[in-house]
Amino acid sequence: MLASCLLGAITLAANASAAGAEVEYRDIPATTFISVIATEEGARPQAIAAYSMRSEPVTNAQFLAFVGEHPQWRRDRVPSVFADSRYLSHWQDVEQLGVGVLPEQPVTRVSWFAAEAYCASEQARLPTWLEWERAASASDNRDDARSDPVWRQQMLDWYAKPSNNVLGSVGGQPNLYGVRDLHGLVWEWVDDYAAMMVTADSRGQNDPDRLKFCGAGAMSMRGRDNYALLMRVAMLSSLKAADTTNNLGFRCVRDGAVAP
Amino acid sequence: MKSAVFLFSLIAGWLFAATALAQPANPATGPLPGDSVYNLDASLVDQDGKTLRFADGRGQPRLVSMFYSSCKFVCPMIIDTLRRTERSLPDADRKRLGVLMVSFDPDRDTPEALKNVAAKHKVDLMRWTLARAEDADVRRLAAVLGIQYKLRDDGDYNHSSVMILLDAEGRIVARTERMGELDADFVNAVKRVAAP
Chain A
1 MLASCLLGAI
11 TLAANASAAG
21 AEVEYRDIPA
31 TTFISVIATE
41 EGARPQAIAA
51 YSMRSEPVTN
61 AQFLAFVGEH
71 PQWRRDRVPS
81 VFADSRYLSH
91 WQDVEQLGVG
101 VLPEQPVTRV
111 SWFAAEAYCA
121 SEQARLPTWL
131 EWERAASASD
141 NRDDARSDPV
151 WRQQMLDWYA
161 KPSNNVLGSV
171 GGQPNLYGVR
181 DLHGLVWEWV
191 DDYAAMMVTA
201 DSRGQNDPDR
211 LKFCGAGAMS
221 MRGRDNYALL
231 MRVAMLSSLK
241 AADTTNNLGF
251 RCVRDGAVAP
Chain B
261 MKSAVFLFSL
271 IAGWLFAATA
281 LAQPANPATG
291 PLPGDSVYNL
301 DASLVDQDGK
311 TLRFADGRGQ
321 PRLVSMFYSS
331 CKFVCPMIID
341 TLRRTERSLP
351 DADRKRLGVL
361 MVSFDPDRDT
371 PEALKNVAAK
381 HKVDLMRWTL
391 ARAEDADVRR
401 LAAVLGIQYK
411 LRDDGDYNHS
421 SVMILLDAEG
431 RIVARTERMG
441 ELDADFVNAV
451 KRVAAP
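Here the protein sequences come in this chain order: A and B. The opening position of the first sequence corresponds to residue 1 in our numbering, with each subsequent residue numbered one higher. The opening position of the second sequence corresponds to residue 261 in our numbering, with each subsequent residue numbered one higher.
This is chain B alone, in the form it adopts within the complex (with noise of 0.2 angstroms):
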């Protein structure tokens, strides 16, 4: 009994150390911290229509906000925030940074729309995307982002402006409403996540 009792403790103690050696230096592959937005399922389809999952941006942190291409002043005005605040970075840290816009409007936003919205506004399509997601899931993003919209009867969406800055886990570590300007408390968590 005793003895198999240690063979036990060593086999748990063997497994447990090549549980641990198997695990990479990134922690992209083990679970989730509760508090990951990544935990929501949620299916996208990028500007060069490939379809992708939210929490594929895990392991890299993130800008994301919502939008719809069609609107025309305050849109753009997120797209020129978020530039704005990633060129405040220096370039090694820039190139650790992501972008993610998903769009609010399924119905419109195909992906040469938001083709378009990349090639207008000259986005760097390597670490930008622009996607557009079915209601349920725009539905869900926008509750888990806590990002508040309502489609009108005249066909454009009210909804709240938000940048929102997720870390490498998916948790969402910063937020600015404040649109056309730089957010300084916002650039500087931006700054310490994109830091080596």
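Chain A with its partners taken away, still in its complex shape (with noise of 0.2 angstroms):
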């Protein structure tokens, strides 16, 4: 009984190693970048610093073991303001994944906050919209490749794909900067999430109407054949920060660059 124990606790202990091992942050250069989502000052690059991206979405064994780790983030313990009813409702039980459900697969519904506070725990953050967007625009040898018509492509096949199908697992081909999945496996949250349609001038209009924030018709964007960007976009707009769903996931950023 203890021999088990103790073999039990080793294996645990290797895994939580091997899942650690595999956190890898990888450098994006800093740049200009002209955003799919134009704003009023959208319309010119918009200067990005450097930072270091995950290079692969956080999985459910990372996300078990931070669970572990921060017990208030547990399914049954989770206050319904940081996260809705389905919250992990596909694992097993609530530090268990269960059948059919892959520690290498993207963890999937969570929330917002969940999200942010398991970024907080490996001392970084959601990516802004904008780091997310200039990551996701490399192609495996492009800086950006919005303009390729292949690559472009690929990103409709993807999303043209019925979300039916089981969930893959991460570790798709890295693109420029050896960052990996960000188009093909989940969508991800970002941390302006909120704002990106924020596109009304709330400062000078005494119509109270017009105070509120505009909604998606007010919004104008560039690069209409960018349809994969502009479909997550849309996607990411339309979510609360408790909301979670069966394909959204997450991964997180550093500022600057990766210490050498």
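These are computed hints drawn from the structure, not numbers from a lab. Accuracy of the hints is not assured; some may be wrong.
As the list claims (entries may be wrong) - Here are a few chain A residues that face chain B, going by a calculated C-beta distance under 8 angstroms:
| id | residue |
| --- | --- |
| 1 | PRO79 |
| 2 | VAL81 |
| 3 | ALA241 |
What you are looking at is a predicted structure, and each value in this text was computed from that prediction instead of being measured. Backbone N, C-alpha and C define an ideal beta-carbon position, used for all residues, glycine too.
Relying on the hints, combine the two individually framed chains into one complex.
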């Protein structure tokens, strides 16, 4: 009994360190970038400082370890103000993945609050939309492949795929920066998801109705051919911070380059 | 065995009664409801430079809004609308209502800047708190309150102008985006919550 307990503990430790070793952040150099979201200032390139991004989305195994260390994020303890009732509901138990939920699959059914707390536990944060889009615009050999028809077609092929297929595992082809699975696997939370559609100028109008922030109708987008990115914007903009969905996961970023 | 069970239930019953007795009439010390925004552990600094927790407001209904003080037009209007709303209450009820305004702009909204806003608008600092928070807490606060904001390149913020009514346990009872005039439904909700 004792022996099997010990063995179990050793296996757990080995798993944890294996999971820890997988967490890699990849450098994304500083640049100027024009987002597909055209705000009033968006028409000209915006400066993006250097950051590093998780090479893969956070997996079930990694989120399970986080929940074990931070039990306030267990699905039976999380306040409803931070996560809806479907939060981690695909897991067999509060701290058990169970059959059909693979450790290497990206974690889904996590709220913005939970994603944010996870990244903080990794001394990181959620990427802004601009940071996410900038990394996701790189192909395997181009910094910005958004005008490349072949790359675009690859994107569209994924986004056209029905989502009732079994969720794949992380570890797809890396892009130019060594970041994987930005397309083809899950949607991902961004830090400023709620602000993406804030385009109304709320500083100077005295019509009370116009003081509210503008909805989808007011949004204007650049690069209308980039449906794949626009679909993400539309999806993210429809969410509230406690929402969870079957195919929405996340990854984290850190300011600056990875320490040498 | 039977007596052990009896003893156990006796002790359990006694403990239960003791716990029940220990609970004060004020519900502000029990576990928070899951839908309370006070589950968020956010740190604020008020206009006097004093550090406080967002959840310190528990035990009293509050009006909450977010703003930034260098905003020329809408933000003064938010303050004005908050004041008109609280003025529509009977004096005794108004005394039971707190008001919290949190800035989006931690860089410029120092305690001094917040104090100036309070003085300029002659708000009652016995009941009003103007506060700043660090970036991460601003984001979390805006998220639990359902307020959208975005820093523009020119240093201004685009944001939704919202007034939110929290009950004593931090549950969102009502919200309005009507600014510059009284929203009758919202005022009625404030009256209900602030009534003894």
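Hint numbers contradicted by this structure: Going through the list in order, the structure violates no hint and respects every one.
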